[in-house]
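Participant: Working from the sequences, and respecting the hints, build out all of it.
Protein chains: 2
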Amino acid sequence: MSFIRPNIESMAGYVPGEQPKEGEAVKLNTNENPYRASEKAYDAIRALAERGLSRYPNAVGQNFRKVAAELFGVEPDWIMCGNGSDDILTILTRTFVGENQLLRLPYPSYILYKSLAEIQGARSEEVYFLDDWRLPDYFSQAPAAAPTAPYRVNPLEGGAASDSLKLVYLPNPNSPSGTVLSVEEVEKIANNLPCPLVVDEAYADFAGTSCVELVKRNPRVMVSRTMSKSYALAGLRFGFLIARPEMIEQTLKVKDSYNCDSLSIAAATAALEDQDWLKATTKKIISTRERLQSRMRELGFIVPESHANFTWNSWPSPDLSHEELYLFLKNHGFLVRYMKYPAWGEGLRITVGTDEDTDACVDLVARYLNGER
Amino acid sequence: MSFIRPNIESMAGYVPGEQPKEGEAVKLNTNENPYRASEKAYDAIRALAERGLSRYPNAVGQNFRKVAAELFGVEPDWIMCGNGSDDILTILTRTFVGENQLLRLPYPSYILYKSLAEIQGARSEEVYFLDDWRLPDYFSQAPAAAPTAPYRVNPLEGGAASDSLKLVYLPNPNSPSGTVLSVEEVEKIANNLPCPLVVDEAYADFAGTSCVELVKRNPRVMVSRTMSKSYALAGLRFGFLIARPEMIEQTLKVKDSYNCDSLSIAAATAALEDQDWLKATTKKIISTRERLQSRMRELGFIVPESHANFTWNSWPSPDLSHEELYLFLKNHGFLVRYMKYPAWGEGLRITVGTDEDTDACVDLVARYLNGER
Numbered sequence: 059m060s061f062i063r064p065n066i067e068s069m070a071g072y073v074p075g076e077q078p079k080e081g082e083a084v085k086l087n088t089n090e091n092p093y094r095a096s097e098k099a100y101d102a103i104r105a106l107a108e109r110g111l112s113r114y115p116n117a118v119g120q121n122f123r124k125v126a127a128e129l130f131g132v133e134p135d136w137i138m139c140g141n142g143s144d145d146i147l148t149i150l151t152r153t154f155v156g157e158n159q160l161l162r163l164p165y166p167s168y169i170l171y172k173s174l175a176e177i178q179g180a181r182s183e184e185v186y187f188l189d190d191w192r193l194p195d196y197f198s199q200a201p202a203a204a205p206t207a208p209y210r211v212n213p214l215e216g217g218a219a220s221d222s223l224k225l226v227y228l229p230n231p232n233s234p235s236g237t238v239l240s241v242e243e244v245e246k247i248a249n250n251l252p253c254p255l256v257v258d259e260a261y262a263d264f265a266g267t268s269c270v271e272l273v274k275r276n277p278r279v280m281v282s283r284t285m286s287k288s289y290a291l292a293g294l295r296f297g298f299l300i301a302r303p304e305m306i307e308q309t310l311k312v313k314d315s316y317n318c319d320s321l322s323i324a325a326a327t328a329a330l331e332d333q334d335w336l337k338a339t340t341k342k343i344i345s346t347r348e349r350l351q352s353r354m355r356e357l358g359f360i361v362p363e364s365h366a367n368f369t370w371n372s373w374p375s376p377d378l379s380h381e382e383l384y385l386f387l388k389n390h391g392f393l394v395r396y397m398k399y400p401a402w403g404e405g406l407r408i409t410v411g412t413d414e415d416t417d418a419c420v421d422l423v424a425r426y427l428n429g430e431r
Numbered sequence: 059m060s061f062i063r064p065n066i067e068s069m070a071g072y073v074p075g076e077q078p079k080e081g082e083a084v085k086l087n088t089n090e091n092p093y094r095a096s097e098k099a100y101d102a103i104r105a106l107a108e109r110g111l112s113r114y115p116n117a118v119g120q121n122f123r124k125v126a127a128e129l130f131g132v133e134p135d136w137i138m139c140g141n142g143s144d145d146i147l148t149i150l151t152r153t154f155v156g157e158n159q160l161l162r163l164p165y166p167s168y169i170l171y172k173s174l175a176e177i178q179g180a181r182s183e184e185v186y187f188l189d190d191w192r193l194p195d196y197f198s199q200a201p202a203a204a205p206t207a208p209y210r211v212n213p214l215e216g217g218a219a220s221d222s223l224k225l226v227y228l229p230n231p232n233s234p235s236g237t238v239l240s241v242e243e244v245e246k247i248a249n250n251l252p253c254p255l256v257v258d259e260a261y262a263d264f265a266g267t268s269c270v271e272l273v274k275r276n277p278r279v280m281v282s283r284t285m286s287k288s289y290a291l292a293g294l295r296f297g298f299l300i301a302r303p304e305m306i307e308q309t310l311k312v313k314d315s316y317n318c319d320s321l322s323i324a325a326a327t328a329a330l331e332d333q334d335w336l337k338a339t340t341k342k343i344i345s346t347r348e349r350l351q352s353r354m355r356e357l358g359f360i361v362p363e364s365h366a367n368f369t370w371n372s373w374p375s376p377d378l379s380h381e382e383l384y385l386f387l388k389n390h391g392f393l394v395r396y397m398k399y400p401a402w403g404e405g406l407r408i409t410v411g412t413d414e415d416t417d418a419c420v421d422l423v424a425r426y427l428n429g430e431r
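Protein chains in written order, with the working numbering: chain R, 59 to 431; chain C, 59 to 431.
Calculated from the structure, these hints are not laboratory results.
From a predicted model like this one, the values you see are computed outputs, not experimental measurements.
Don't take every hint at face value.
In this list, chains with the same sequence are indistinguishable; a pair is considered to hold if it fits within one copy or across any two.
[Stated by the list, open to error] Result set (SDA-like, lysine to any residue): computed pairs, CA atoms no more than 20 Å apart in a straight line:
(1) LYS274 with PRO303
(2) LYS124 with ALA265
(3) LYS246 with GLU363
(4) LYS311 with GLY156
(5) LYS246 with TYR186
(6) LYS79 with ASN116
(7) LYS98 with LYS311
(8) LYS388 with GLN77
(9) LYS79 with SER379
(10) LYS311 with GLU157
(11) LYS98 with ARG109
(12) LYS311 with ILE62
(13) LYS124 with GLN77
(14) LYS388 with PHE130
(15) LYS98 with ASN121
(16) LYS79 with SER112
(17) LYS98 with ARG113
(18) LYS79 with HIS390
(19) LYS274 with ARG431
(20) LYS311 with MET69
(21) LYS98 with TYR399
(22) LYS341 with PRO134
(23) LYS79 with SER315
(24) LYS274 with SER240
(25) LYS388 with ASP415
(26) LYS311 with SER60
Facilitator: In structure tokens, the structure reads:
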């Protein structure tokens, strides 16, 4: 006899990208930053190693909240700190979505949103992006049992009642596509929706656009951020939520009391304060991204305009196997992400590395296209 | 209109102990360790600050699992790492207890268990300790709508169906009492229960007794541990679960993909490897605890025999206000934990500090009893 909740037992579990041992591969598969984070972050870590870690952290990461509030033009009680933005997304799902209630996400996007619904015993509705990576009107409408064509929605068991839609996730820029919706488009979605909208801005620093202003205009908009990508601190686990104080007040009840450790609070605060580092680093990455994008297009791949630190590359005809190309690259020491979305399609998501690593990866792709195996 | 789940909106939220600014008070209120953690843990942190944190951590903390497995005589797949043991408890609640299902805990004990049930939209049943801090037979029985006297149970709304009991929490040693049940007593409880039992061993290193052996004998027993207390790493946030692989396999689906950061995995691993440090430090703390305990008893307090790094002190008559004594100590720079449990009683939980701080705190208590205000 099993004691596990049936929704947990039946789910597959989210599988993150491969993490080879250090030095075993050039990692272009999980959108990490190829550069070393601001030394100010590391100074903060070293200082804390001297002062010691026997005391509990500040429960809400107050120092970080103050710095983030100033940067984004809000008050500290508009900020909640998280153990990575995955922690933020987990907390939001638990705050807003009960068992059998409905959560909506675009498709294809971050698979974790669906996993979070499964863990919660909730349902999820995947609304397909249109061919131009914009979203259909249905995305901001009350759920319908059978949405009219041309809107494609992954089927919901037992249909959908309009009052059960409790939360909508919108990654912007999106992964795997790297595409972005304008602030105006997002505002229109938020204004139409019957429930809160979480704009997951994990990659926003590479886009130069952000929906933080919308949080000030629409109390149902919340924005999540991470220090893993643009701040080069994936190993630190730190993310944050920007939302209205009445929302933050509730999400704080759901988070673990001490969800962020002292080292991550101190390092994230120092990193956020170093906006010069951020500007210089994102500039470098964006420049490499443009080169990666144009070279992959020259080789014949379809690459939607990227606003993130990766590109989405798909071959226009079935005569190339994305999976075989992925394995060819892996065998040559380059790890990219082969992604296959059922009922949609597949491709390779390539993280922007250093100029050298990125060029070397594209060179390998070119060799593969020239018949090398 | 509110978008928050009703169970979240109506709950008060768990309130952790006060965290004054550094140097503002002698902290004897949250069971932190007064000593600096093993320098090997800090060396690991410094080494990682050199190597950098741009990469994601190992998703399961494999290095830690190996070391913990060897220490406890199990295989690595019997271990799950957590972002503090609160993360472990959160994951367990989400794995085993659905909405409206039942979770059981002793009373008074760790208040968080009840908060976790509230967040989950689940119910909780608090079974009162007997006067000698042992548990009534009812604790291991299927829930009854109206348990027979002398078993005291905080009332459940809507009664309790026996098939809804999904998880039982047992802190051992218990907080606030510091008391411990023998391995034999816990095994008897586990063998009678119709569901899994989580033995929360946050303080077990101070007790010299552990139920890890039970995990090997009874597949429904799980043991959670923390590095916050005995290993002096509360600021690091690291805990772990010891359970059978078939349990771990399910809880891994529920945890955030990267719930532990690289720094905490490395530091916790190094700290666990330094068992000499652990032995020396717990020996010092136990020695101070014995002195604290006997001095408080000499002053007239009732102090159950402590097996943790704190003592539970209650005055035998109503002529002393625990709250006023707490405030007196606070005004003199000593923070202890005043705890009031509705329908049960109140007292002061005093963490074992250094000899010097602990003695100074007891001296202050004596001055208060002598009439100083």
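Participant: Is the C-alpha distance from LYS388 to ASP415 at most 20 Å within one copy, between copies, in both cases, or in neither?
Facilitator: within (13 Å within a copy, 58 Å between copies)
Participant: Is it within, between, both or neither when you check LYS311 against GLU157 at 20 Å Cα-Cα?
Facilitator: both (19 Å within a copy, 17 Å between copies)
Participant: Please sort LYS246 with GLU363 into within, between, both or neither, judging by C-alpha distance up to 20 Å.
Facilitator: For LYS246 and GLU363, the Cα distance exceeds 20 Å both inside one copy (22 Å) and across copies (64 Å).
Participant: Could you place LYS79 and ASN116 in one of the four classes (within, between, both, neither) given a Cα distance threshold of 20 Å?
Facilitator: between (33 Å within a copy, 9 Å between copies)
Participant: Between LYS79 and SER379, at a C-alpha cutoff of 20 Å, which is it: within one copy, between copies, both, or neither?
Facilitator: neither (27 Å within a copy, 59 Å between copies)
Participant: With 20 Å as the alpha-carbon cut-off, assign the pair LYS341 and PRO134 to within, between, both or neither.
Facilitator: Neither. Shortest intra-copy (28 Å) and inter-copy (43 Å) distances fail the 20 Å Cα cut-off.
Participant: Could you place LYS274 and PRO303 in one of the four classes (within, between, both, neither) given a Cα distance threshold of 20 Å?
Facilitator: Answer is within: at 11 Å inside a copy they meet the 20 Å cutoff, but 47 Å across does not.
Participant: How do LYS311 and MET69 come out at 20 Å by Cα distance, when the copy is not named: within, between, both, or neither?
Facilitator: Classified as between: cross-chain Cα gap 8 Å, same-chain 27 Å, threshold 20 Å.
Participant: Classify it for me, LYS98 with ARG113: is the Cα-Cα distance of at most 20 Å met within a copy, between copies, both or neither?
Facilitator: Between copies only: 18 Å across chains, 22 Å inside a chain, cut-off 20 Å.
Participant: When Cα atoms must be at most 20 Å apart, do LYS246 and TYR186 count as within-copy, between-copy, both, or neither?
Facilitator: within (18 Å within a copy, 54 Å between copies)
Participant: One pair to classify: LYS388 and GLN77, alpha carbons no more than 20 Å apart. Within, between, both, or neither?
Facilitator: within (12 Å within a copy, 49 Å between copies)
Participant: For the identical chains here, do LYS98 and ARG109 meet the 20 Å Cα criterion within one copy, between copies, both, or neither?
Facilitator: both (16 Å within a copy, 15 Å between copies)
Comparing the model with each earlier hint shows violations of hints 2, 3, 7, 9, 14, 19, 21, 22; every other hint is respected.
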